[in-house]
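> Sequence:
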Amino acid sequence: MSAGTAAPAVDWNDRLAAARPEDFAELFHEALTDDFGAVARLHQMLETASEWCRAHGARSSASDLGALADRLTDLGEELHLVREDVGHEIHAHAHRTAAAVRISSAVSVQGTSVSQPSDASVPLPPPTIRLLPRSR
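Taken in order, the sequence shown gives residues -13 to 122; the numbers are from the numbering used here.
Here are the in silico distance ranges between beta carbons for each label pair:
1. H42 x V68: 33 to 39 Å
2. R6 x E64: 23 to 29 Å
3. H74 x G43: 46 to 52 Å
4. A78 x A41: 46 to 52 Å
5. H66 x N(-1): 16 to 22 Å
6. E8 x S47: 42 to 48 Å
7. S47 x D0: 32 to 38 Å
8. E70 x A44: 37 to 43 Å
9. E37 x H66: 22 to 28 Å
10. G43 x E8: 50 to 56 Å
11. D20 x E75: 18 to 24 Å
12. D9 x H42: 42 to 48 Å
13. M31 x H66: 17 to 23 Å
No lab work stands behind these hints: they were computed from the structure. Quick caveat: nothing in here was measured; it's all calculated off a predicted structure. Cβ atoms here follow ideal geometry from the backbone N, Cα and C, with glycine treated the same way.
Taking the hints into account, I'd like the entire structure generated from these sequences.
Written out as structure tokens, the structure reads:
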């Protein structure tokens, strides 16, 4: 693949499905919200189609395509926020898992039995509440 060309959607799906936890958030960003990601490419296609329709007298279709491009911009912003949340969530899970492994290793060395902490025993931060943009 040459520089500046994006991988087909199927390749991104395969890469996301097989991603290691530490790589997922960055791959998600590249696939969807990066400058050459799916959202940016679809936005550009909608803008191009809108301009073509406008130039060829299909003003209603041009307006509809422009509105869809605007909604896609909002969706891209939401996807960026989801990517950040996924990154934080994966990091927190990895941190809890590493702590459980350290506790388990320490208990094994001491020869005593202590129950493994579960995800339920670790308090989670309150969920972030954010309003979604309204459709136009």
